[in-house]
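Given the sequences, and given the hints that come with them, work out the whole structure.
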Amino acid sequence: RLCTTEAAMLPRGAIPWLLFRWFFASRYASMFISGKPLRVGNVVLTPVRDDVIKIAMPVKPRPVKRLDKIIERARFAAKTARAQLDKTPEKGKPASKYYPKKKSMAVHTDYQLQWLEKLAARNSEVV
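In terms of my numbering, the sequence shown is numbered consecutively and its last residue is 128.
Calculated directly from the structure, the hints in this document are not laboratory data.
Ideal Cβ positions, reconstructed from N, Cα and C, are used throughout, including at glycine.
Pair ranges (Cβ atoms, derived): (1) R67 with Y99: 30 to 38 Å; (2) K61 with E126: 25 to 33 Å; (3) A96 with I71: 28 to 36 Å; (4) S105 with R74: 18 to 26 Å; (5) Y99 with E126: 38 to 46 Å; (6) V45 with R123: 35 to 43 Å; (7) S105 with K61: 28 to 36 Å; (8) T81 with K119: 20 to 28 Å; (9) V60 with K119: 28 to 36 Å; (10) D69 with H109: 17 to 25 Å; (11) W116 with A84: 17 to 25 Å; (12) P95 with W116: 29 to 37 Å.
As a list, the in silico EDC-like pairs of lysine to aspartate or glutamate whose alpha-carbon atoms are at most 16 Å apart: (13) K80 with D111; (14) K102 with E91; (15) K103 with D87; (16) K98 with D87; (17) K119 with D69; (18) K70 with E118; (19) K102 with D87; (20) K103 with E91; (21) K119 with E73; (22) K104 with E91; (23) K104 with D87.
Take a look at the structure:
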């Protein structure tokens, strides 16, 4: 338990972290006391011995995607987002309320395309 002076000396964001640690430690300790598995989301923690736990997580196999196909889709998305932004008036029309969203989407897709192209350039240097 922390008094107010101790709490004031802690770094910013430490109180939620301490509460999380206390909550997880109490649930973790109860798992060892009861001997029953603890389920946290998709993860199952099972006590094996006093000092060892077994972690079980579902593994979902993911297909490998080709980088050139991903870049092609990103180029199409950037072109589409830029075209929608060009069609949307900035001020004075009812459709103007969508302008900020479309502008942010166009900037995001451009940035994503640049990032993917840098990744492809880096991969070509390695190979």
